[in-house]
Amino acid sequence: MNKTIRLVLGDQLNPSHTWFTTKRNDTTYLFIECRGEGSYAPHHIQKVVGIFCSMRKLAEALKSKGHTVIYHKILDSREVELIDILDSICVKLSVYNLQFQYPDELRMLQNLEKLKDRGYNITFVSSEHFISSSEEFKNTFSGKKTFLMESFYRKLRKRTGLLMKGNQPIGGKWNYDNFNRKKIPSNHSLPEPFLPFTNVTEVYHEVLKANLPTIGTLEDSDNFFWPTDTKQALAIFDHWLEHHFQFFGDYQDAMTIHNWSLYHSRISFALNTKMIDPLTICERAETYFEQNDHIPINAAEGFIRQILGWREFMRGIYWERMPTFAEENFFGHTRKLPTWFWNGETKMKCMEHSIKQSLKYAYAHHIQRLMVIGNFSLLAGVHPDELDQWFLGIYIDAFEWVEITNTRGMSQYADGGWIATKPYVSSANYIKKMGDYCQNCSYNEKTKTDSDSCPFNALYWDFFNRHRNKLSNNFRLGMVYRTYDKMDDLQKGKLSDRAHHVLQNLESL
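289 is the number that the numbering used here gives to position 289 of the sequence shown; each next residue is one higher, with no gaps.
Mixed in with the good hints there might be a few duds.
The calculated label-pair distances, taken between Cβ atoms and stated as ranges, are [said to hold, decoys possible]:
(1) 123 to 208: 30 to 40 Å
(2) 496 to 125: 48 to 58 Å
(3) 122 to 173: 38 to 48 Å
(4) 209 to 173: 49 to 59 Å
(5) 475 to 63: 57 to 67 Å
(6) 188 to 161: 33 to 43 Å
The calculated DSSO-like cross-link candidates involving lysine-lysine, where the alpha carbons are at most 30 Å apart (straight line), are [as the list claims (entries may be wrong)]:
(7) 422 to 492
(8) 356 to 422
(9) 360 to 347
(10) 231 to 336
(11) 470 to 494
(12) 231 to 57
(13) 145 to 173
Hints are computed from structural coordinates only; laboratory data are not their basis. Where is the CB? At the ideal position from N, CA and C, for every residue including glycine.
Using the sequences and the accompanying hints, generate a full structural model.
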């Protein structure tokens, strides 16, 4: 009998994959916890524990259904790299047929393909997760100089029928983003998130004993609040539909120090590890919208666009532009991240709260990532590699295919405009408009050039001035440069001096 090993990676935890529909005596499912995958970048402790715990749960579920499973725990050997551990297990079992689901990361694909050189027969199958394919993405943008998410999103809306009536969007508009930029009123009561507590103490102590490089904290391993299986993930989502969906659209860009999850669904970790299916989630959101009159169209469309639009689009970009995308640095930025990115000890309230929240929960919502942390990093001229590593490590939902495209493309404009049509930067005005961070900040968000002026303000104008040769022809930035050009030389000089002072003193901000 020719025996086969099927490897299940930590972000391939789909219990409904067709692999698992039939029990085969000649097939063994292999799960590997290894140091290499936990140390190529320092990851949040909650991310490592969450992935390992979720892997163990799926492995046990497969065993209970009669499948043959081998589970290699982090302390089972000193071997570092996944393919070396896999090779050792295969040699012991005299197995030479290997099957993989296509990995979502180029690095992993290249590593697995190296096993051919060790004499293995290798087969790849679909992960059966994504709504679109790489071929569909290529066909959509063949011959185009830029990739617009909106074009891809509309194509997928038509193909899936989500929020469609015939060939037209329900409500008459494709995109309701303009309705989704409200600040949370001071008298508005925010609902608490549903947390499906799991005891992960055993896994937590094994990770600590393995001495993996981690960041962040896990304050209560008896009550881990991220989903570790499909049932928990769907429970979070169903609770969100009932208690949060209504206001998701209105307040999806809002920020506050009073609540860490606001109206966000917090299913991205479960999605990106494939515990739940993206099309199914979109369809359930659509059904709930159709059956409940109190759910507005901007909430339904905004949520579905995040998954059907941005998530699928970013995956397409990743496979289209890698590996060169990982080296993009359009502005030639060189600075390192300040050390307070690892402890949140800064006087800037927006940065302090967003970073400390990230360290505590392994989570920040997209505006905190884009318009606070990413915004500051771009204005300060941080090297994209620095922020790439930080974003990839700190967030529980960060996997390279979705992280690097959002970081280098959306956040840092390092690709020069392939993804975003302009740099996503702002002064303190936007941060104040969308949240309450500025209320108790040590810096004055209203001034630009004083010693206590918010660093975002001078950095904003300095950024556009020093990159004028690369940005002045961008039609979306015409107003910015017209405003700057109307300033007198004295004002421009003060802005430059203040920005220079800020950049020279990043560590003490």
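For this session: Kindly indicate which numbered hints from before are broken by the structure, ordering the numbers from low to high.
Result: Going through the list in order, the structure violates hint 10 alone and respects the others.
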